[in-house]
Every structure is written in structure tokens, then in C-alpha cells.
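Student: Each chain is listed here by its residues.
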Amino acid sequence: MMILSGDPPRSRVLTLVLVLIILALAATPFLFPGAKALNVAAKICVFAALVASYDLLLGYTGSVSFAHTMFYGIGSYAIAIALYGMGPNWAAVATGIVIGLPLAALLALAIGLFSLRVAAIFFAMITLAVASAFQVLASQLSWLTGGEDGRSFQLPELLRPGTVLVSKNLFGFEINGRILTYYLVFAISALMILALLRVVNSPFGRVLQAIRENRFRAEALGFRTVFHLTYANCIAASVAASAGILNALWLRYAGPDTSLSFSIMLDILLMVVIGGMGTIYGAIIGAAIFILAQNYLQSLMGVASKAASEAGLPLLPGLLHPDRWLLWLGLLFIASVYFFPTGVVGRLRNAGGAKSGSASH
Amino acid sequence: MTELAANDPLPKPKRDIAPILLPVALALVMIPLIGSPSTWLTLTAASLAMGMMIFIMASGLTLVFGLMDVLNFGHGAFIAVGAYVATLVLAPFAASIQADSLWVNLAVLAPAALLSMAVSGALGLVVERVLILPVYGQHLKQILMTTGGLIVAEQTLYALWGPQIIPMPLPTSLRGSFILGDVAIAKYRVLAMLIGLAVFIAIQLVLNRTKLGLLIRAGVENREMVEALGYRIRRLFLGVFMTGSALAGLGGVMWALYREQVHASMSDELTVLIFIVVIIGGLGSIGGCFIGAILVAMVANYGGFLVPKLALVSNILLMVAILMWRPRGLYAVTSR
Chain A
1 MMILSGDPPR SRVLTLVLVL IILALAATPF LFPGAKALNV AAKICVFAAL VASYDLLLGY
61 TGSVSFAHTM FYGIGSYAIA IALYGMGPNW AAVATGIVIG LPLAALLALA IGLFSLRVAA
121 IFFAMITLAV ASAFQVLASQ LSWLTGGEDG RSFQLPELLR PGTVLVSKNL FGFEINGRIL
181 TYYLVFAISA LMILALLRVV NSPFGRVLQA IRENRFRAEA LGFRTVFHLT YANCIAASVA
241 ASAGILNALW LRYAGPDTSL SFSIMLDILL MVVIGGMGTI YGAIIGAAIF ILAQNYLQSL
301 MGVASKAASE AGLPLLPGLL HPDRWLLWLG LLFIASVYFF PTGVVGRLRN AGGAKSGSAS
361 H
Chain B
1 MTELAANDPL PKPKRDIAPI LLPVALALVM IPLIGSPSTW LTLTAASLAM GMMIFIMASG
61 LTLVFGLMDV LNFGHGAFIA VGAYVATLVL APFAASIQAD SLWVNLAVLA PAALLSMAVS
121 GALGLVVERV LILPVYGQHL KQILMTTGGL IVAEQTLYAL WGPQIIPMPL PTSLRGSFIL
181 GDVAIAKYRV LAMLIGLAVF IAIQLVLNRT KLGLLIRAGV ENREMVEALG YRIRRLFLGV
241 FMTGSALAGL GGVMWALYRE QVHASMSDEL TVLIFIVVII GGLGSIGGCF IGAILVAMVA
301 NYGGFLVPKL ALVSNILLMV AILMWRPRGL YAVTSR
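If you read the protein sequences in the order shown, they are chains A and B. In case it helps, our numbering puts the first sequence at residues 1 to 361. In case it helps, our numbering puts the second sequence at residues 1 to 336.
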């Protein structure tokens with residue numbers, strides 16, 4: 001309980017699902033051989049942490065930010081530019097972290113102070129505007145960021161796939177730098193999610209929820225809401241930047257499409273809503289469902305689209321084309337806001353709560 | 001305070017002209033900076049035309065927010081839908097577009113624009129009923145719902161028309177420029193300015209001279225009071241929402257002709273501009289929206305000419321500057 005900050009999943013099914021996801025992620029290098037499975041697993045880890053940090057904003061303070069990918073991008077680019085410029089060594093990794101994290105936090109502070117000074121309703125719009133300006137800036141400053149091409153770089157010796165740490169043992173597994181990198185991503189993401197769980201269950205997190213429910217009342221109770229909201233913004237931005245660092249380390253690349261584009265922002269929003277806002281656990285479930293769908297559903301849609309076009313159906317081939325999978329996701333998104341606004345986690349908790357409630361009567 | 005006799009006219013509200021002077025002052029300051037008067041005139045005309053188009057797209061959004069406190073993040077979808085629908089009319093009549101006669105060209109353009117407005121207005125009806133009605137009064141869900149709607153609309157456009165950019169050539173008679181001395185002003189920009197001004201005047205007339213407009217303005221200021229007086233503000237809101245969507249569609253057609261191409265992602269680029277305009281102008285204020293649109297366009301045009309590198313962040317800087325001056329936008333009409 002300590003490690004979960006006294007906030008367990010509170011539903012048997014949910015616990016089971018979470019344990020399954022985490023075990024599967026932990027054992028991916030050994031259970032599912034192949035580069036694709038490992039890539040998907042790493043992406044789930046990174047996004048679980050990223051989405052959890054967004055949940056701190058959306059679910060716990062109720063403020064909609066469209067600048068979260070900007071912080072993610074700052075982390076990615078910081079590490080990429082450092083490793084690209086200084087060569088593949090640990091000093092460069094440290095430089096990237098030391099520059100990236102404070103930069104993200106400072107920018108979050110500036111946005112927070114500025115947009116909270118004006119009408120609170122502007123927050124979503126202002127973050128959207130700032131994020132889009134940042135995106136353009138990143139693609140224009142090509143001497144620094146590599147423009148549309150982004151920056152590819154090499155990792156320090158230890159983390160390279162060629163580095164064999166444990167040679168093939170009797171089970172036929174080999175532990176190399178790539179797998180070590182995966183576990184680095186896995187462990188840091190897990191730590192960040194646990195830390196966020198700690199934050200939202202602290203007195204500070206309670207104040208955030210109070211602000212979400214009724215900002216005016218929270219202020220009347222003597223809490224400095226601007227301070228709390230800005231602080232939450234900075235924490236979320238730092239975690240997002242860290243997730244960006246992990247993502248760049250895993251991909252050995254940072255570019256506008258993988259770390260800054262608006263579609264990532266939409267992905268994050270979808271994951272939070274599907275998983276369940278204001279739960280942190282929802283981030284893990286949302287990320288797992290979404291990224292599995294993104295990687296495996298698309299091929300399924302390709303098959304369906306082909307079948308539809310061979311059957312001579314009008315319109316369907318276009319609608320089922322793998323590139324159109326966002327369409328179905330958008331529909332799912334609307335449907336989930338409509339029918340289960342509390343997401344998967346909220347649904348499972350309610351189902352479990354109703355059962356245990358009736359049992360106790 | 002002096003007592004008012006029963007027959008005295010009501011005291012006029014104070015006119016706040018500082019925001020109106022702002023674009024004028026900005027334009028005048030730019031004369032020495034740009035140097036050549038003819039370049040300055042061309043740039044000013046360009047920014048006025050661009051500002052009018054942005055105003056047409058943003059006016060609906062600001063009223064929708066002002067009247068019903070609804071944050072519509074899917075407004076850009078109407079812009080893209082309008083532009084795509086116009087291609088449906090313009091493509092089969094390509095010959096009339098090529099014809100070198102203003103009237104033949106307009107005879108195709110006008111129905112195209114009207115059809116776009118009708119389709120995006122009808123789409124507005126669907127969106128309001130399906131996406132916005134269930135989440136009245138909940139900002140978070142409004143943002144989520146309308147963002148979802150934007151994704152679906154954009155993807156449907158891709159599915160129906162394909163992901164490629166569709167060219168949308170300007171009619172022959174609208175190509176080229178009017179040349180006055182050494183000043184060149186593109187013909188299409190003049191048309192855009194005229195349409196924008198007409199829309200602005202029409203909106204102002206409806207808002208200030210009709211009972212409908214009175215109700216809308218009253219609703220922006222205090223929704224509950226209007227409801228208490230027995231008016232169905234929901235229906236009024238639906239009307240405003242559809243009009244706003246139709247205007248966004250019209251703006252989409254005009255923007256597509258201006259850029260001479262149509263693409264579903266045009267809504268993303270414009271949404272940000274529109275938001276900035278709405279924030280600068282003050283939520284719910286048509287006058288503020290008009291000035292905001294012109295300011296944004298001026299900053300984009302002058303900025304792009306003087307310091308191209310700065311053009312990327314110039315809109316953000318403008319927004320920051322104006323919100324520092326007036327934290328609720330140029331004209332704060334809502335009490336929220």
C-alpha cells in the first residue's frame with residue numbers, strides 16, 4: 001500500500017488487468033521476441049507516464065492544456081540535441097536532462113502565470129496557441145533542431161544493441177544494450193507514475209481536486225489556487241519532459257512527428273479519456289489499449305478495407321483504410337465522453353463498488 | 001449623480017474607442033518602418049483582406065461562446081467542410097471559372113459559396129444537437145466533445161476526398177491586381193474586403209437594430225434573465241450556432257480561394273489564428289473580434305515583411321501584449 005500511496009485500484013478486475021499489463025510489459029523482451037513488440041511495449045511505458053502526467057492536469061485540476069506535447073518535445077529535443085552535438089557519452093545525456101527539465105518547468109511556469117492572470121477560460125486556447133507556435137519554431141530553427149528531418153543520434157556505448165551484457169544462456173535469451181534501454185524506460189516510467197500517484201494523494205493533490213470541484217470555494221478556504229495550479233503545471237511539464245527524454249533515448253531520434261505534432265496531443269487526450277480521468281491508473285490502461293490498437297488494429301483495418309473493395313462496396317474501403325483509423329478513434333472518443341465519461345477505470349470501479357456495496361447491506 | 005426626469009433620454013453608455021484606434025495607430029507607426037509608401041499600402045490592403053476573412057470565420061465562434069458559454073474547439077471543421085463543398089460546385093464548372101467575365105465567374109462562385117454555407121450551417125445543426133446539447137455548462141466535456149468532432153470531421157473529409165491537396169484556382173477575372181500609380185492591390189483582396197465589411201455591417205445591424213439582436217446581446221450579458229423573461233434562449237442559441245457555422249463555411253471558401261488550394265488540415269492552421277482573435281477581442285464581442293482579426297492580420301503581414309523570423313511568434317506576442325493591457329480582451333462583454 002505504501003508504494004501505491006494508499007490509493008489502490010479499488011476493483012478486483014482492474015487490479016487483475018493492471019497486473020497483467022505490467023507483467024506483460026516487464027516480460028516483453030522474453031515473451032514476445034521481435035523488434036516490433038519491444039517497440040510497442042516501450043511506447044506503452046513512455047505514454048503511460050506521459051498520459052499520467054497529463055491526467056494530473058486534466059483529471060485532477062480540471063484544466064485542459066494543449067501544450068503537453070510541447071513539454072514532451074522539449075525533453076526529446078534536449079536529449080537529442082545534446083547527444084547529437086556532444087557525441088554519444090553520458091555527459092551529453094546529463095546535459096540534456098539538466099537543460100531539458102528546467103526549461104520545460106520554466107516554460108510551464110511562464111504559461112501558467114500568464115494564462116492564470118487572465119480569464120481561466122483562456123487557458124486551453126492560450127496553450128494551443130503557444131504549442132503551435134513552438135511547433136513552427138522547432139521546424140524552422142533547423143540549424144538547432146534539424147527542421148522537419150529531426151535529429152538522429154547515437155546512444156552511449158552501454159545502451160547500444162551491439163553491446164552484449166549477458167550472452168545467450170540456456171534459455172536462449174541474450175541481454176544486450178537494447179534490452180537494458182528498455183528496462184531503463186520501463187523502470188523510470190514506473191517510478192514517475194508512482195511519484196504522480198504520491199502527488200495526487202498528498203494534501204497538495206487534495207487541494208487540486210478541491211480546485212477542480214469548485215475553485216471559488218477552494219480559494220475561500222484560504223488556498224492560493226494560482227500557486228497550486230501553477231505548481232501542478234510545472235510538475236506535469238517536468239514529467240512530460242522526462243517522458244520525452246525516454247522516448248528520444250528509445251527511438252535514438254527526435255523530430256516533429258514523433259515528439260511535437262498536434263496528433264500526439266490528441267492521442268494523449270484520447271488515452272486519458274478512454275482510461276479514465278482523475279485516476280492515474282487510467283493512464284496505464286488508456287495507453288495500453290490505444291497503442292495496441294494503433295499498432296495492431298491498423299493492419300486489421302487494412303485487411304477489412306481490402307475485403308470491402310474486393311466485394312465492390314462503395315465508400316467502405318475509404319472509411320476502413322488503415323490511415324483512417326483516427327476516424328474510428330474519434331468516434332470512440334465521442335462515444336466514451338457520452339456513455340462512460342469516467343473511462344475504463346471509473347466503469348470498473350463503479351461496477352465493483354456497486355457489488356461490494358450490495359454485499360455489505 | 002444628477003436625477004433623471006421621466007422624459008429624459010437614457011444616458012448613453014461611454015464609447016470605448018481606444019481599441020478602435022489601435023489598428024490605425026499600428027498602421028501609421030509602420031509607415032516610417034517600412035519606408036516605401038506603395039509597399040505600405042499593399043501590405044495594409046493585404047492585412048485588411050486577410051483580417052476580414054479571419055473575422056468572418058471567428059465571428060460565429062465568439063458569439064457562440066458569449067451567448068452560451070460553449071467552447072467549440074471544432075469550429076475549424078466548418079471551415080474545412082465549407083471549402084471542400086465549394087470544390088463540388090467549382091470543379092464541374094471549371095470552364096466558367098476560366099471564362100474572362102466577372103459575371104460568369106460570380107455566377108459560379110456565388111452558388112458555390114451559398115451551398116458551402118448551407119452545408120456547414122446544416123452540419124452546425126447536427127453538431128449542436130449531437131455534441132453540444134448533452135454537455136451544456138461543462139467546459140471540460142465541451143472541449144473534449146468538440147475536439148472529437150473535429151477529428152471525425154477531418155478524417156471523414158480525408159476518407160471522402162482523399163489526403164491530397166485539391167487545387168482551387170481563382171476565377172480569371174479575379175486574378176491580377178488593380179494598379180494605382182505604383183501601388184498594386186490584388187483584385188481578390190478587394191472582393192474579400194467588401195464581403196468581410198458586408199458581413200460585419202450585417203451582423204452589427206442585426207445585433208443592434210432588430211429584436212433578435214437585442215435578445216442575443218441580452219443573452220450574452222445575462223442568459224438567465226432572458227430565460228426568466230420567457231424567451232427560449234436554447235433555440236436562439238441554435239440559430240446563432242448555425243449562422244456561425246455557415247459563416248465559418250463562407251470563410252473557408254474565401255480562404256481556399258485566397259490560398260488557391262483546399263486541404264483538411266487548413267482547419268488546424270486557422271483554428272489557432274481564430275482563437276487568438278477571439279481571445280484578443282474579448283469573448284462574445286463582435287466589434288472586438290473585428291479589430292482583433294485586423295490586428296492579427298496586420299501583425300502577420302507587417303511582421304512577415306519586416307522581420308520574417310519573428311512572424312512565427314508575432315501572434316503570440318500580440319496576444320500577450322493585449323492581455324497585459326486588458327486581461328479580458330479588448331472589449332469584455334460577458335460577466336464571466
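Honestly, the hints are just simulated from the structure, not real lab data. Note that CB positions come from ideal geometry on N, CA and C, so glycine has one too. There could be a bad hint or two in this list.
To be verified - Only some residues are given here: those of chain A computed to face chain B with a beta carbon under 7 angstroms:
1. ILE97
2. ALA124
3. GLN135
4. ALA220
5. LEU221
6. LEU331
As the list claims (entries may be wrong) - Below, a list of computed lysine to aspartate or glutamate pairs in the DMTMM-like style, where the Cα atoms sit at most 20 angstroms apart:
7. B:LYS141 / A:GLU213
8. B:LYS211 / B:GLU227
9. A:LYS43 / A:GLU213
10. B:LYS309 / A:GLU213
11. B:LYS309 / B:GLU269
12. B:LYS187 / B:GLU269
Stated by the list, open to error - Computed footprint of chain B on chain A; a stretch qualifies when at least three of its residues, placed anywhere within it, have a C-beta under 8 angstroms from a C-beta of chain B:
13. 14-24
14. 70-77
15. 127-133
Student: State for each hint whether it applies.
Tutor: Going through the hints against the structure:
1. Using the Cβ-Cβ criterion of 7 angstroms, the hint placing ILE97 of chain A at the interface with chain B is not satisfied: the shortest such distance is roughly 26 angstroms.
2. Taking 7 angstroms as the C-beta cut-off, the interface hint given for ALA124 of chain A holds, the closest approach to chain B being about 6 angstroms.
3. Of the supplied interface hints, the one on GLN135 of chain A is violated, with its beta-carbon coming no nearer than about 10 angstroms to a beta-carbon of chain B, more than 7 angstroms.
4. Proximity of ALA220 of chain A to chain B is violated relative to the hint, the smallest CB-CB distance being about 19 angstroms (cut-off 7 angstroms).
5. Because the smallest distance between the Cβ of LEU221 of chain A and any Cβ of chain B comes to about 22 angstroms, over 7 angstroms, the interface hint for this residue is violated.
6. Because the smallest distance between the Cβ of LEU331 of chain A and any Cβ of chain B comes to about 6 angstroms, under 7 angstroms, the interface hint for this residue holds.
7. A distance of roughly 14 angstroms separates the Cα atoms of LYS141 of chain B and GLU213 of chain A; the hinted pair therefore holds under the 20 angstroms criterion.
8. Only pairs whose Cα atoms come within 20 angstroms are accepted, and LYS211 of chain B paired with GLU227 of chain B is accepted, the gap being roughly 15 angstroms.
9. In summary, the hint linking LYS43 of chain A to GLU213 of chain A is not supported, as the alpha carbons are separated by about 33 angstroms, beyond the 20 angstroms threshold.
10. Using a Cα cut-off of 20 angstroms, the hinted pair LYS309 of chain B and GLU213 of chain A is violated, with the two alpha carbons roughly 43 angstroms apart.
11. For a cut-off of 20 angstroms, the pair hint linking LYS309 of chain B to GLU269 of chain B stands: about 18 angstroms separates their Cα positions.
12. For the suggested pair LYS187 of chain B and GLU269 of chain B, the alpha carbons sit about 24 angstroms apart, so the restraint of at most 20 angstroms is broken.
13. Given a C-beta distance limit of less than 8 angstroms, the hint that chain B covers the segment 14-24 of chain A is violated, as 0 residues qualify and 3 are needed.
14. Counting residues of the segment 70-77 of chain A whose C-beta sits closer than 8 angstroms to any C-beta of chain B gives 0, which falls short of three, so the coverage hint is violated.
15. Evaluation of the coverage hint for the segment 127-133 of chain A: fulfilled, as 5 residues show C-beta separations to chain B shorter than 8 angstroms, against a requirement of three.
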